Amino acid sequence: MEEDGILEEITPTSYKYFHNTHFKPLFLVPKPGNVTEEPLTKENVADRYRMVVDSRNANVATAPLEGDWKQYLSSVDDVLRSIPWSKDGRVTNREKPSRFFATVDVKAAYWRMHYDEDSLPLFGAAIQLPDHRTGEMKTRYFLHKALIMGWVHSAAWWSYGLALALRTGLPEYTLNDEAIITYLDDVLIHHHEEAACRWLYNVVIDILEYVRCEVPVRKRQPPSPTVDFLKLKLCPLGWSLSEKTQQELYQVVEHPPTTVPFTEEQLDCFPSIAHSWCN
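Sequential numbering of the sequence shown, starting at 1, is according to the UniProt record's numbering.
Careful: at least some of the hints might be erroneous.
Stated by the list, open to error - Derived CB-CB ranges, DEER-like:
no.: 1; residue 1: THR13; residue 2: ALA196; range: 25 to 35 Å
no.: 2; residue 1: THR41; residue 2: ARG140; range: 16 to 26 Å
no.: 3; residue 1: ARG212; residue 2: ASN44; range: 45 to 55 Å
no.: 4; residue 1: ARG167; residue 2: PRO25; range: 12 to 22 Å
no.: 5; residue 1: GLY169; residue 2: ARG50; range: 42 to 52 Å
no.: 6; residue 1: ASN44; residue 2: TYR250; range: 24 to 34 Å
Stated by the list, open to error - DSS-like, lysine-lysine: derived pairs with alpha carbons at most 25 Å apart:
no.: 7; residue 1: LYS24; residue 2: LYS244
no.: 8; residue 1: LYS24; residue 2: LYS138
no.: 9; residue 1: LYS16; residue 2: LYS70
no.: 10; residue 1: LYS107; residue 2: LYS24
no.: 11; residue 1: LYS233; residue 2: LYS16
no.: 12; residue 1: LYS42; residue 2: LYS31
no.: 13; residue 1: LYS219; residue 2: LYS244
no.: 14; residue 1: LYS138; residue 2: LYS42
no.: 15; residue 1: LYS219; residue 2: LYS16
Don't read these hints as lab results, they were simulated from the structure. Here the structure is a predicted model, which is why all the values come from computation and not from measurement. Beta carbons: idealized from backbone N, C-alpha and C, even for Gly.
Please work from the sequences and hints to get the whole structure.
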């Protein structure tokens with residue numbers, strides 16, 4: 001993360017605002033299934049560990065957003081309402097029941113947006129790690145230069161930046177219009193013509209890469225009549241829970257969590273499940 005410019009280590013002598021910086025605890029949490037004995041590398045560490053910044057105190061001290069900020073934060077309901085099918089799950093335009101979907105997922109999206117230099121003292125992070133020479137525990141201090149996952153306004157700031165990038169690169173685009181829908185770091189493109197869907201899909205990828213967002217091939221779904229999006233399966237006739245989400249639900253039901261709070265992975269499927277049950 002230091003090499004990627006996300007974290008910058010600081011000391012009282014190297015950073016003049018050190019004593020005015022608000023430091024938050026930084027943790028490295030093993031991801032479920034992290035049982036391999038293979039040595040850590042820059043390539044696999046992100047797959048085995050999640051970096052967590054305890055932003056609770058910062059969230060309490062952060063004022064609520066006002067004005068038009070909420071328009072950039074879509075809910076699952078907003079996404080589904082933006083697709084032209086009726087409430088009963090059938091396509092509204094019966095003359096053209098076909099529809100093609102494509103999705104793009106930005107890798108580590110929040111880390112693509114950096115704070116202004118004047119704001120950096122508000123986003124310090126500290127972690128205790130063993131000294132590589134003596135083995136003694138040592139506290140290291142950093143500036144977290146990119147959006148912090150867990151800070152209350154990160155989602156709004158990122159969503160605004162994504163909408164601005166799409167508007168700039170595709171002037172005819174309007175926020176959550178009938179062809180391009182955003183949900184945090186996920187983008188859904190849909191159209192009743194496959195060629196038009198593919199063109200928009202390629203344009204969205206070009207825009208994201210131009211603003212230095214990473215869009216790995218494994219996080220792309222090219223145009224298809226059926227895609228998985230937000231734990232749901234979308235098709236021209238409507239939506240349902242994806243097979244993976246159903247499996248996650250069965251797993252939670254068969255093996256109820258025994259710790260509080262539940263892990264993120266155990267809870268991740270519930271918003272889509274709740275939406276399905278309520279509709």
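Quick rundown of the hints versus the structure:
1. At roughly 58 Å, the beta carbons of THR13 and ALA196 sit outside the given window of 25 to 35 Å.
2. For the pair THR41 and ARG140, the beta carbons lie near 21 Å from each other, so the given range of 16 to 26 Å is met.
3. Roughly 23 Å separates the CB atoms of ARG212 and ASN44, a value that falls outside the hinted 45 to 55 Å.
4. A hinted range of 12 to 22 Å for the beta carbons of ARG167 and PRO25 is inconsistent with their spacing of about 37 Å.
5. Distance hint for GLY169 and ARG50: a CB-CB separation of about 31 Å, inconsistent with the stated range 42 to 52 Å.
6. For the pair ASN44 and TYR250, the beta carbons lie near 29 Å from each other, so the given range of 24 to 34 Å is met.
7. Pair hint LYS24 plus LYS244 does not hold up; C-alpha atoms about 35 Å apart against a cutoff of 25 Å.
8. Between the alpha carbons of LYS24 and LYS138 the distance comes to roughly 16 Å, so the proposed pair stays at or under 25 Å and holds.
9. Simply put, LYS16 and LYS70 have alpha-carbon atoms about 36 Å apart, too far for the 25 Å limit, and the pair is violated.
10. Distance check on the hinted pair: LYS107 and LYS24 sit about 24 Å apart at the alpha-carbon level, within 25 Å; holds.
11. The hinted pair formed by LYS233 and LYS16 fails the criterion: a straight-line CA distance of about 52 Å is larger than 25 Å.
12. Taken as a hint, the LYS42 and LYS31 pair is honoured in the structure, with Cα atoms around 16 Å apart against an allowance of 25 Å.
13. Between LYS219 and LYS244 the alpha-carbon distance is near 16 Å, which keeps this suggested pair within the 25 Å criterion.
14. Among the hinted pairs, LYS138 with LYS42 is consistent with the structure: their alpha-carbon atoms are about 22 Å apart, no more than 25 Å.
15. In summary, the hint linking LYS219 to LYS16 is not supported, as the alpha carbons are separated by about 41 Å, beyond the 25 Å threshold.
In this structure, the earlier hints numbered 1, 3, 4, 5, 7, 9, 11 and 15 are contradicted, and the remaining ones agree with it.
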